[in-house]
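*Asks:* Use the sequences and the hints to build the structure in full.
The lines below spell out each chain.
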Amino acid sequence: MRHEFRVTVGPVGFRVGSDWRRPLAEMAALYDGYPEAAIPDFTVRLEAQRPWRRFIRPSVMIGGDYMLPDAAPLSLDHGLLAAEMGMNLQMALGQRRFLLLHASAVERDGKALLMTGHSGAGKSTLSALLGERGWRFMGDEFALIYPETGLLHAFPRPVSLKNEAVELFDSVDANRLGPVMRDTPKGTIRHLRPPVDAIAKMADPAKPALLLFPRFGHDPAMRDMGQAEVFVRLTQASTNYVALGETGFAALTKLVQSVPTRAIDYPDSDAAIGAVERLWGELA
Amino acid sequence: MANPTYRADPPEARRLVTLDDGVTLVFHRPSGLTHVLAPPAPELLAALGEGDADIAILIERLRAAYDLAEDDLEAALAARLAELETAGLVWRR
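The listed protein sequences correspond, in order, to chains A and B.
Under the numbering used here, read the first sequence as residues 1028 to 1311, first letter to last.
Under the numbering used here, read the second sequence as residues 155 to 247, first letter to last.
Keep in mind the hints are simulated off the structure, nothing from the lab.
Be careful, since some hints might not be right.
[Claimed, not checked] Partial pick of chain B residues on the chain A-facing surface, computed with a CB cut under 10 Å:
| hint | residue |
| --- | --- |
| 1 | 174 |
| 2 | 175 |
| 3 | 179 |
| 4 | 186 |
| 5 | 190 |
| 6 | 192 |
[Stated by the list, open to error] A few chain A positions that, by computed beta-carbon distances, are all more than 10 Å from chain B:
| hint | residue |
| --- | --- |
| 7 | 1066 |
| 8 | 1100 |
| 9 | 1129 |
| 10 | 1136 |
| 11 | 1207 |
| 12 | 1224 |
| 13 | 1231 |
| 14 | 1310 |
We put the beta carbon where it would ideally sit given N, CA and C, even for glycine.
*Replies:* Spelled out as structure tokens, the structure:
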């Protein structure tokens, strides 16, 4: 590829190749302070759909070690998003060392809070807000559970802020924010680089201590969840549970049996943070 | 067949985890599939683990371990066995 960017996020090394310089320049700025990947685990390629489409209405095809054959190309303005999607895809389809849960995570005192739920439930925004308020941000997209130890390993990629969540972070240092990308398939997106300590400590795992299923936009409520429901929902939240076979079964059942779990509904982020702090004090 | 004989994989083909709500998770090694079972399905699988059996023999084995008071036990067990057949955990010999 013409241009290349390498980066390590948590235990995973990425190489992103591109036909264009711009998405990688945006990545380099966004990933300032992350270690380089000497030996990448995964490769992502941002390629022109046709050779002339490097220049004329440039559209970015997402390629790499693992690909979705029918993925729609994105405009070059959304090149950074294409790179992030490509990295997610490699993890979702190729990761075998860890049980991978679609969840966000933060840490305090060596113990981890996991938050999972449907897209739009607010887990990503909540993890980013907590990361600005004394918790160590461990990731907003994927939680990596190491089967042998049951420990959660951080994957602190830049947070993908969407729509209303973008303005919640207006007050952070501007150099931590990526370009505003409008009219993407998920609306307006802007990336936020995690705090310095989240990057500095990204090799430190934490013991899962509390699992929450938050749901944004509802009256405040809290509900206990039976282990069977938690197990089934986590198999749905995992991209590689089936691929890991019995190893995944052992890791997931251990997690479900050892970590207290609650479903919480919340109307706004202040209510959510209050509920999280209270539950953490009671259960973790 | 009026009185079918059922068969299941031996116990070592399954890894079981019982959760707090009484549900048993079964990892079925030959297929790599996970099953979520409610009582009495795990007990039926365990009883079949002693060897192939028809419903009358299964009831005998279950009575040895559990207090079975249910009316219409045979029909209830036949329904549970049919579900286990559908799941691929039990089949007819």
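*Asks:* Give a verdict on every hint.
*Replies:* Hint check:
Annotation: interface hint on residue 174 of chain B holds; nearest CB of chain A at approximately 5 Å, less than 10 Å. Residue-level restraint check for residue 175 of chain B holds (minimum Cβ-Cβ distance to chain A is 4 Å; threshold 10 Å). Checking residue 179 of chain B against chain A by beta carbon gives a least distance of about 6 Å; that is within 10 Å, so the hint holds. For the restraint placing residue 186 of chain B at the interface with chain A, the shortest Cβ-Cβ distance is roughly 5 Å, inside the 10 Å limit, so the hint holds.
Proximity of residue 190 of chain B to chain A holds as hinted, the smallest CB-CB distance being about 6 Å (cut-off 10 Å). Taking 10 Å as the C-beta contact cut-off toward chain A, the hint placing residue 192 of chain B at the interface holds, the least distance being around 9 Å. The claim that residue 1066 of chain A lies off the interface holds: its Cβ sits roughly 31 Å from the closest Cβ of chain B, which is beyond the 10 Å cut-off. No Cβ of chain B comes within 10 Å of the Cβ of residue 1100 of chain A; the nearest lies about 35 Å off, and the non-interface call holds.
With 10 Å as the threshold on Cβ separation, the claim that residue 1129 of chain A sits away from chain B holds: the shortest Cβ distance comes to roughly 18 Å. Non-interface call for residue 1136 of chain A relative to chain B: holds, since the shortest CB-CB distance, roughly 26 Å, exceeds 10 Å. Consistency note on residue 1207 of chain A: stated as away from chain B, and its beta-carbon is indeed over 10 Å from all of that chain's, at 43 Å minimum. Residue-level check passed: residue 1224 of chain A sits 36 Å from the nearest beta carbon of chain B, beyond 10 Å.
The beta carbon of residue 1231 of chain A sits about 29 Å from the closest Cβ of chain B, which is more than 10 Å, so the claim that it is off the interface holds. Against chain B, the non-interface label of residue 1310 of chain A holds: every CB pair exceeds 10 Å, the least being about 15 Å.
Of the hints listed earlier, there is not a single one the structure fails to meet.
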